[in-house]
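S.K.: All chains, please: the whole structure from these sequences, using the hints.
So the chains spell out like this:
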Amino acid sequence: MMLNWFQHIGAFTFDILANTGRASIFLLQVILGIKETLFRPQLLIRELYSVGVLSLLIIIFSAIFVGMVLSLLGYVTLVDFGAESSLGVLVSLSLIRELGPVLTALLFSGRAGSALTAEIGLMKATEQLASMEMMAVDPIRRIITPRFLAGCISLPLLTVIFMSLGIYAGYLVGSIWLGVDEGSFWSQMQSKVEFGHDVINGFIKSIVFGFVVTWIAVYQGYNAIPTSEGVSRATTNSVVYSALAVLALDFILTAVMFV
Amino acid sequence: MVSSRKIEILVGIFVVLGLTAFIIMALNISNLSSLSSAKGYNVTAHFENIGGLRPRAKVTLSGVVVGRVTKISYDKESFRAIITMTLNSDIDYLPEDTQASIYTSGLLGEQYISLEPGAEDEVLKNGSSITLTQSAVVLEEVIGKLMVSFTTKD
Chain A
1 MMLNWFQHIG AFTFDILANT GRASIFLLQV ILGIKETLFR PQLLIRELYS VGVLSLLIII
61 FSAIFVGMVL SLLGYVTLVD FGAESSLGVL VSLSLIRELG PVLTALLFSG RAGSALTAEI
121 GLMKATEQLA SMEMMAVDPI RRIITPRFLA GCISLPLLTV IFMSLGIYAG YLVGSIWLGV
181 DEGSFWSQMQ SKVEFGHDVI NGFIKSIVFG FVVTWIAVYQ GYNAIPTSEG VSRATTNSVV
241 YSALAVLALD FILTAVMFV
Chain B
260 MVSSRKIEIL VGIFVVLGLT AFIIMALNIS NLSSLSSAKG YNVTAHFENI GGLRPRAKVT
320 LSGVVVGRVT KISYDKESFR AIITMTLNSD IDYLPEDTQA SIYTSGLLGE QYISLEPGAE
380 DEVLKNGSSI TLTQSAVVLE EVIGKLMVSF TTKD
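Quick note, the sequences are listed as chains A and B, same order. Quick note, the first sequence lines up with residues 1 to 259 if you use the numbering used here. Quick note, the second sequence lines up with residues 260 to 413 if you use the numbering used here.
Since the hints were derived computationally from the structure, they do not count as laboratory data. Keep in mind that the hints are not guaranteed to be accurate.
[Said to hold, decoys possible] Below are the DSS-like pairs computed for lysine-lysine, each with C-alpha atoms no more than 27 Å apart in a straight line:
#1 B:K404 - B:K384
#2 B:K317 - B:K330
#3 A:K192 - B:K317
#4 B:K317 - B:K384
#5 B:K265 - B:K298
#6 A:K192 - B:K265
#7 B:K298 - B:K317
#8 B:K265 - A:K35
#9 B:K330 - A:K192
#10 B:K384 - B:K298
Model, not experiment: these values are computed from the prediction.
M.R.: Following this line, the structure appears as structure tokens:
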């Protein structure tokens with residue numbers, strides 16, 4: 001009984017190690033294919049469309065509502081201290097440092113990451129990847145790398161769109177609806193938000209998240225058990241692992257960048 | 260299936276949107292535009308106590324921001340804090356006996372350095388040091404002094 005239990009722990013540990021190793025080798029293979037993908041931009045553009053452009057709508061809507069809610073709640077708190085002129089600082093700093101990168105990455109993993117996993121997983125289940133190998137086409141370079149690259153490019157772009165739209169939505173609510181002075185909203189924001197410190201670090205965060213989320217998504221799809229149940233499990237795993245990785249990495253990155 | 264020309268156009272719109280957002284962040288939301296005169300010269304000042312002064316705090320002249328605090332360190336010879344600040348290069352007319360004081364903006368706001376020009380003919384240059392300084396007011400010290408003066412009365 002006890003021995004069985006230890007066996008389980010051992011097997012579990014080896015599973016984790018094997019998975020880590022497989023994911024790293026997979027990442028290396030994907031990265032080695034980047035050069036060839038750049039010579040065939042048509043593939044990359046098609047993936048940028050399905051990964052980036054199609055995620056645009058949900059990003060725009062979420063950004064507007066997040067910015068509006070931040071502004072509304074920030075106003076309610078700040079007005080008690082007569083500090084509502086700092087509303088712009090509150091909205092912009094929280095969007096640029098935390099909410100922009102994190103929320104965009106979470107939405108992206110739900111919208112695009114899950115689609116990537118399901119697509120690649122189904123290709124594997126219907127043996128499209130195997131038939132490509134039969135035709136001497138490397139499925140990693142033909143299928144995975146363009147998708148990986150598209151994810152890495154799309155997420156930072158989506159993040160800056162999220163940030164600036166959120167700030168404008170916050171401005172609309174704060175200044176036009178709640179009556180915060182427009183001049184102090186923008187000037188306080190401009191004096192407190194530092195480009196080299198806040199904006200660049202937020203952007204670096206989004207690059208890291210894009211890399212991690214897309215890596216998890218394509219790996220889960222490529223590694224899926226080729227059954228319908230396996231694909232569904234891989235899709236779930238892709239979203240869950242992405243969310244956990246993004247939130248944990250965000251803590252580490254914030255601790256390194258902003259403390 | 261969307262035609263590949265349409266895809267190209269949509270991807271182009273997406274990339275342009277992203278770049279526009281980035282430029283907005285740079286110019287409209289952050290202080291990149293006001294940092295255009297990043298070139299400047301460094302001046303040091305010794306303080307007894309800097310309170311809660313932080314790097315990147317502003318340096319003002321009659322309330323106008325003319326520079327930033329770049330480095331805060333401790334001098335083990337004079338047992339005082341050394342503040343290095345970068346002043347904009349167009350502010351090249353400050354007399355050598357300019358006084359630097361640490362003030363607090365508002366009652367509980369952040370601390371900043373305020374410069375008051377003196378009367379000498381020599382001006383501050385890169386590497387020169389401000390000798391007339393006034394430390395930050397630490398609230399506990401003030402309260403402590405008040406307590407002492409209240410108790411000695413009776």
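S.K.: Please go over all the hints and tell whether each is borne out by the structure.
M.R.: For each hint, the structure was consulted:
Restraint check for K404 of chain B and K384 of chain B: not satisfied, since their Cα atoms lie roughly 38 Å apart, outside the 27 Å limit. This hinted pair checks out: K317 of chain B and K330 of chain B have alpha carbons roughly 12 Å apart, not beyond 27 Å. As the CA atoms of K192 of chain A and K317 of chain B are separated by approximately 11 Å, the hinted pair is consistent with the 27 Å bound. Annotation: proposed proximity of K317 of chain B to K384 of chain B holds, straight-line Cα distance about 19 Å (limit 27 Å).
For a cut-off of 27 Å, the pair hint linking K265 of chain B to K298 of chain B is broken: about 46 Å separates their Cα positions. Restraint check for K192 of chain A and K265 of chain B: not satisfied, since their Cα atoms lie roughly 41 Å apart, outside the 27 Å limit. In summary, the hint linking K298 of chain B to K317 of chain B is supported, as the alpha carbons are separated by about 15 Å, within the 27 Å threshold. For the hint linking K265 of chain B to K35 of chain A, the alpha-carbon distance of about 25 Å falls within 27 Å, and the restraint holds.
In summary, the hint linking K330 of chain B to K192 of chain A is supported, as the alpha carbons are separated by about 19 Å, within the 27 Å threshold. Between K384 of chain B and K298 of chain B the CA atoms are separated by roughly 14 Å; this keeps the pair inside 27 Å, and the hint holds.
Hint violations for this structure: numbers 1, 5 and 6, all remaining hints satisfied.
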